[in-house]
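K.L.:
Here are the chains, one letter per residue:
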Amino acid sequence: MSQKLADIAHSRAGDKGNTLVLSLFPLDEKDYPLLVEKVTAEKVKQHLSHQLRGTVTRHEIQELNALLFTCENALASGVTTSLAMDAHGKSLSYALLEMKI
Amino acid sequence: MKEKIRIGCGAGFSGDRLEPGLILTEKGKLDYLILECLAERTIALAQKRKQQDPNAGYDVLLERRIESLLPLLLQHKTRLITNMGAANPLAGAKKILEIANKLGLKVKLAVVLGDDVFDQLSGQELSMEGHKPLNSYGKLVSANAYLGVDAILPALATDAHIILTGRVADPSLFLAPMIHELGWDKENADLMGKGTVLGHLMECAGQITGGYFADPITKPVPDMEILGHPIVEVSADGSGIISKVEGTGGLITSQTAKEQLLYEVLDPANYYTPDVVADFRSVRFKEIGQNQLQVTGGTGKTQPETLKVSVGYEAGWIGEGEISYAGAHAVERAKLAGEIITKRIGDRFEEFRVDYIGMSSLHGEQLSQGSSPYEIRLRIAGKSKSKSLAQLIGEEVEALYTNGPAGGGGARKYLHEVIGVVSILMNRTTIPSSIQLLES
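Chains as they are written, first to last, in my numbering: chain A, 1 to 101; chain B, 1001 to 1440.
One or more hints might be untrue.
[Stated by the list, open to error] Mimicking SDA-like on lysine to any residue, the simulated pairs with C-alpha atoms at most 25 Å apart in a straight line are:
| hint | chain 1 | residue 1 | chain 2 | residue 2 |
| --- | --- | --- | --- | --- |
| 1 | B | Lys1027 | B | Leu1156 |
| 2 | B | Lys1286 | A | Glu29 |
| 3 | A | Lys45 | B | Ile1357 |
| 4 | B | Lys1219 | A | Gln3 |
| 5 | B | Lys1132 | A | Gly54 |
| 6 | A | Lys38 | A | Thr55 |
| 7 | A | Lys90 | B | Met1224 |
| 8 | B | Lys1132 | A | Ala87 |
| 9 | B | Lys1132 | A | Asn73 |
| 10 | B | Lys1048 | B | Glu1063 |
| 11 | B | Lys1343 | B | Trp1317 |
| 12 | A | Lys4 | B | Ile1217 |
| 13 | B | Lys1106 | B | Asp1159 |
Read the hints as simulated data drawn from the structure, not as lab findings. Here the structure is a predicted model, which is why all the values come from computation and not from measurement.
Using the sequences provided together with the hints, build the complete structure.
P.N.:
If you want it as structure tokens, here you go:
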């Protein structure tokens, strides 16, 4: 049965200029290896292709059971001048959690 | 030197709630209260206000926050460190003295100056974002350097009750009192890293106490209407215990802390502040009681030689218009309305955008495919150097009332000036800071 990331993980989005930062954590720590296996930088770039225009880098912080995705050129022209509804991309944490795994 | 100090964070952004800071001061047994009220763009907007009125340019909520806080701060012997000075710390300080005089209170202020480096700009500097000269972006309106603990420590060495700053890096607001009270050596990069970790965890206030964390299905948080803001008790070894006032709402766990630890972090091994390049990878959380979280680990490398400077520029005007459709063919009617306006005025704007709120305005078409909402809100937005052209967007959307399509309701129009922000790096030796003392 296919499930969404939202069923097993939580995330927060942050921004620095035109760079989007997405963190990803398992709701249950035992699911961390599954996240490491399934949620690659390539998958994230493909899943959010409407939004991400640049490189996606994944950081694994194993001691915290956390993944961090740094997505460059991701917020239209950047927070301060973007025409988007959600210029900061704050809601994009839940876009990531829509990913099917 | 103290063995431990308690620091509370009563505000995590300019528009944050007022009462958490009051509750922290009254019941948090604090040595220091921090109010962090400056985002990247907030200071550029404040510079614009200062241009129009030399006595303006400090935080717009300063007056309301200080009026209620000041008596409590003095009563509980809690010192306040805040960046509410924004673009005009001296004018903010005079406003605080005016409030103190009105309330009949004796207060001493230390104002931290030096972040405003606008006069040093040539306009030829290349931005970090686009590697383009600054003056190619538009008319420059502000340049503020992110100062660090070096600028705050001289103010802490005085007997001031309130330390008012302009642009200072958020974690530095917390690290400075740790250094001052716990006798830390600034050359000790490990302690600077640990203190920066704690500062970063605290700086967004309610984001670590379960606020921005909450999801009623997967991450429920109790009593969010009375969300408590965080307190950190810092030990001399650089570890800390994060808690909140008993009886307030919210939740502090390893989960809430992890989300905040990595918030806005580009590289967990290299988190740049004016004070240190911090490494977050070895941070550990341990729940030692209900809403009591022990934080250990983290470290740091040397102080960077450059400081980041946020440069504000005039980026034109954004006009917006919105109107709603519901029931049969709601999406089709909204799309027709969007097409009509695009055909009429779309090509006159530098940037123009049609959104369908309730369907695809936040995450685009791809993720929302197949969903057909009962009601939908059309949003049209356009950017232009011309104020009157930007204004036209809202007027055109409103005109859909009589000109159709059918059943459009609840039209609203918005217009605002855009201040863009880009960054440059400057050598820290070219940015001296100073303090000025005032008292009521």
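K.L.:
Does each hint hold? Answer for all of them.
P.N.:
Hints, verified against the model:
1. B:Lys1027 with B:Leu1156: holds, 23 Å
2. B:Lys1286 with A:Glu29: Holds, because 14 Å separates the two Cα atoms, which is no more than 25 Å.
3. A:Lys45 with B:Ile1357: holds, 24 Å
4. B:Lys1219 with A:Gln3: holds, 18 Å
5. B:Lys1132 with A:Gly54: holds, 18 Å
6. A:Lys38 with A:Thr55: holds, 18 Å
7. A:Lys90 with B:Met1224: Holds, at about 20 Å.
8. B:Lys1132 with A:Ala87: The given pair, whose Cα atoms are some 22 Å apart, holds under the 25 Å limit.
9. B:Lys1132 with A:Asn73: holds, 16 Å
10. B:Lys1048 with B:Glu1063: OK: Lys1048 (chain B) and Glu1063 (chain B) at ~19 Å, within 25 Å.
11. B:Lys1343 with B:Trp1317: Roughly 21 Å separates the two Cα atoms, so the pair holds.
12. A:Lys4 with B:Ile1217: holds, 14 Å
13. B:Lys1106 with B:Asp1159: Given pair Lys1106 (chain B), Asp1159 (chain B) holds - Cα atoms ~12 Å apart, limit 25 Å.
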